[in-house]
Structures are given as structure tokens and as C-alpha cells.
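Engineer: Listed here are the chains, written in short residue letters.
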Amino acid sequence: MNITVLFFGLIAEKVNKESYTFSLDKNISISTVIHQLKETFKELNYIEFQTALNQKIVPLEEIIKSDCTIALLPPFAGG
Amino acid sequence: MKNSFREGSISSEFIGESIKKHQKKTAIGAHDIFLGQVRADIIDGKEVKAIEYSAYEEMANSKFHEIREATFEKFELTCSHIYHSIGKVAVGEICLFVFVSSAHRRASFEALEYMVERIKKEVPVFGKEIFEDETHVWKTNK
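Protein chains in written order, with the numbering used here: chain A, 1 to 79; chain B, 1 to 142.
Just chain A, same shape as in the assembly (with noise of 0.2 Å):
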């Protein structure tokens, strides 16, 4: 499965990206795909985000099925 990654304000300048994409053979939890993005981005070890699953929020224990998109948001600005 592909999955799609989206940076976004602090983080998008920080790693020097809008999106990554890469692909899966296997199911797997939202934590263990941060994890492997720490690694390929040293920076976000330093930045405090959540997690959104296809647009919704989502805990760390959610399991990946199928292809996706994961947004890593960090802290909102709005109004």
C-alpha cells in the first residue's frame, strides 16, 4: 500500500518538504511509521506534532490498512 505524507508550517520548513511518499508490505501503527520518520527526518525528534489519519486526528496505536494519507500537524494558529 502507499502511503502519503504531508508536512505542514513549522515542520514543512524544518525538513525542507510539503509530502513524502513511500510504500508498505504490511499492516502497521501510526507509531511505528513516526518512528521510521524520525529516522529518514531527524528534525522532527525536536518538534512537537499530532497525527492526522485521512484528515482525522488519530492515537498512535491506529493500525494502517490500506492506502493513506498521514499529516504531521504541528501546533494551530488559527484566528
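Treat the hints loosely; a few may be bogus.
As the list claims (entries may be wrong) - For the chain B half of the interface with chain A, some residues (derived, Cβ under 7 Å), not all of them:
hint, residue
1, R6
2, Y56
3, I119
4, V123
5, V125
6, W138
7, T140
By construction, these hints were calculated from the structure, which means they are not laboratory data. If you're wondering where the values come from, they're calculated on a predicted model, not measured in any experiment. Glycine residues also receive a C-beta, built at the ideal position from the N, C-alpha and C atoms.
Given chain A's structure and the hints, the job is docking chain B onto it.
Structural biologist: Coordinates of chain B only, in the frame set by chain A:
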């Protein structure tokens, strides 16, 4: 899905026009409006001159929709609108316009506060506070 984002600041003309459009809806007896304005914060001795907003627009628009729906469930409203800036907004300009209308005042007062608090907390909008010298920091809602 309705797009709540507007490029740049929200003008007083746009706000005035929005009020005018509601004059035909004669079941309305009360409007309440929240306007978010970009503040010239001083951070480490430097003054903010603008905020550049970005957002996860699809998710933000569905959140705005969800918040409006929840507000209609909770309060006796006639209508509600949310407009948020995207891109650069200078200090003193308006970046958020929330507009609610109801038959009686109490529903509007309460619904407006409920909506604004949820917008600040739940909508994925990001703000880069830009200083006079073009350096910046990332804003975080309290």
C-alpha cells in the same frame, strides 16, 4: 465542501456586505460577530509586522463544517459563517470573521464563543509571525 479561506486579510467591506445580506432574513433578531485581528506582539525584543497563514485546507474546511454543524445542534441559530485568512495578513488587519445569527440574543452570544474556542483549538491552521527584519517564529494558540 464550502471553502472558508480567503486570500489575505478580511476587509471591513466584506464584513459589512455579509451583514447587509442578512437583512432579508427577518426571522433574525440578533447577530453576533467575532473578529480576530493580527496583533503586533513583541517577541524577544522584535515586533511582529504580519502573520502568514497556511493550513491543511481540506481538513480545515471539513473541521469548519463539523464545528458549524455541532453549533447548530447545540444552539437555536438561524445561520452561521466562518471566514479565515490564508496567506499574509498585516498587523491591525482581520484574519478571522465568525458570524452567527439567531432569533434572540442569548443563542448568538453562546454559539459564537463555542465556535471561536473550537476553531482555535481544532482547526489545522498554522501561522508564521514575521518581524520587521524578515525573520520569523511560528505562532502557537494558547
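Engineer: So, for every hint listed, does it hold in this structure?
Structural biologist: Now for the hints, and whether the structure bears them out:
1. The interface hint given for R6 (chain B) is broken, as the beta carbon of that residue sits about 13 Å from the closest beta carbon of chain A, more than 7 Å.
2. Taking 7 Å as the C-beta cut-off, the interface hint given for Y56 (chain B) holds, the closest approach to chain A being about 6 Å.
3. Given the 7 Å rule on beta carbons, the hint for I119 (chain B) holds: about 6 Å separates it from the nearest Cβ of chain A.
4. Hint on V123 (chain B) holds. Least Cβ distance to chain A is approximately 5 Å, under the 7 Å limit.
5. Residue-level restraint check for V125 (chain B) holds (minimum Cβ-Cβ distance to chain A is 3 Å; threshold 7 Å).
6. The restraint placing W138 (chain B) at the interface with chain A holds, with a minimum CB-CB distance near 4 Å, inside the 7 Å limit.
7. Hint status for T140 (chain B) relative to chain A: holds, with the closest Cβ pair at about 4 Å, below 7 Å.
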